[in-house]
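*Asks:* Start from chain A and add chain B according to the hints.
There are 2 protein chains.
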Amino acid sequence: MRRPSTIEHMTDDAPAAGTQLPGSIGILGGTGPQGRGLARRFAAAGYQVVIGSRDAERAAAVAADYAAVGSVTGAANADAAGADLVVVAVPYDGHAALLTELAPKLTGKIVVDCVNRMGFDKQGPYAIAVPAGSSAQEAAEILPDSTVIAAFHHVSSTLLDDPEVEQIELDVLVLGEDRAAVEVVNRLATAIPGARGIYGGRLRNAAQVEALTANLIAINRRYKAHAGLRITDV
Amino acid sequence: MRRPSTIEHMTDDAPAAGTQLPGSIGILGGTGPQGRGLARRFAAAGYQVVIGSRDAERAAAVAADYAAVGSVTGAANADAAGADLVVVAVPYDGHAALLTELAPKLTGKIVVDCVNRMGFDKQGPYAIAVPAGSSAQEAAEILPDSTVIAAFHHVSSTLLDDPEVEQIELDVLVLGEDRAAVEVVNRLATAIPGARGIYGGRLRNAAQVEALTANLIAINRRYKAHAGLRITDV
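In the order they appear, the protein sequences are chains A and B. Here numbering that gives the first Met the number 0 is used: the first residue of the first sequence is 0, the next is one more, and so on. Here numbering that gives the first Met the number 0 is used: the first residue of the second sequence is 0, the next is one more, and so on.
Since the hints were made in silico from the structure, they are not lab data. It cannot be assumed that every hint is accurate.
[Said to hold, decoys possible] Think about it this way: if two alpha-carbon atoms lie no more than 35 Å apart in a straight line, the pair counts; the simulated DSBU-like pairs of lysine-lysine are: (1) K121/B x K104/A; (2) K223/B x K121/B; (3) K121/A x K104/B; (4) K121/A x K223/A.
None of these values were measured; they are calculated from a predicted model.
Bound-form chain A, shown alone (with noise of 0.2 Å):
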């Protein structure tokens, strides 16, 4: 069940920095329902996975629900923040501030940034406004040491989660400036089955991603559907 560490097409050489695949993924707020579709999709495809929150003893918990999944623990986040490559998956509220605690710790890593920035309202969903344009740029404001990518917002939570969906028509909209951290994670992105990870363009392009959320929250509702993208013509 164990990964190959390198991209399968690049073994007849040594590996270019940066495109090794982690062995262990933290994810920060890893109790969420998006935290934990995702430990159980990486943790099925082979990887250490570390559920991480704020309460190690909540994480731990969560985590014992995938322990026939795969390697699943939990851990604080300041724990989960240690793992070979970090996943953000707390609300907005909180994003700032922790990636600002844990930046130390995050240093030299890729920092896979998927949260949504949504309000909701008599009239819906809507996606909220942020001083740096989008959680991503935000973060890589906060973390210049790091290697910051967008990934994961449309996935959903219900589906990844659910052990009986055994694929997802999905395609991951993954956004970065460093190439190799990109594939990486478009790499990442095939641990969900049925799913793509397809470069999305730079981090400053990274707003419109995370606020199309909101409609596709808009098109669940109207169509009593679980709505992803699929990107055609590639």
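*Replies:* Same frame as chain A, but now just chain B:
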């Protein structure tokens, strides 16, 4: 070739207000690539298309290119605005001024805004920020007596305007407040063979749909594609 004038599944009853498909479609800025591509597909589906331009002679010359496809004429934008339904396909630069000038002619009509607010620099495409939040919201502010719908942002003008392309893998996201008008534009989208029109949320969620064009351009450049969107599970 003439389309039925009411939505088929409603033929048992009198048509609800606003659900009638248009007989004629005016395309403001219709001599540009997006406008030409839409003109081709709308005309092929049996609509009477009026290509609008600042320069009526230029509009007539472009319309002549589509004489074999269907009913396509050229006119000044002010005359194209007299059609049953009006599509706005101008560059963002002239958007507000043109709609302000034509507001009286657009009263009571469905106005479909498909303007992409795009800029390009050395790093590639990006979305231009606008005070109203989106081009569609700007149109709605300028045209309080029209029914503004946002749609057709992600169509590849290259594929649309290529007569050899018989099917386009594409869902057209259709945003607006008025459900009947959304339905009309959903149906209009099916003039593009292979395409579906799908409700994509309220106009306040149009900004990210417009801006996502930058991501699709980035995808096109990386993968040498004419990328489009499909919404899964709908």
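*Asks:* For each hint, tell me whether it holds in the structure or not.
*Replies:* For each hint, the structure was consulted:
About 33 Å separates the Cα atoms of K121/B and K104/A, which keeps this hinted pair within 35 Å; it holds. Of the pairs offered as hints, the one joining K223/B and K121/B holds, with about 18 Å between alpha carbons and a cut-off of 35 Å not exceeded. Pair hint K121/A plus K104/B holds up; C-alpha atoms about 33 Å apart against a cutoff of 35 Å. Pair hint K121/A plus K223/A holds up; C-alpha atoms about 18 Å apart against a cutoff of 35 Å.
Against the hints set out earlier in the document, no violation occurs for any number.
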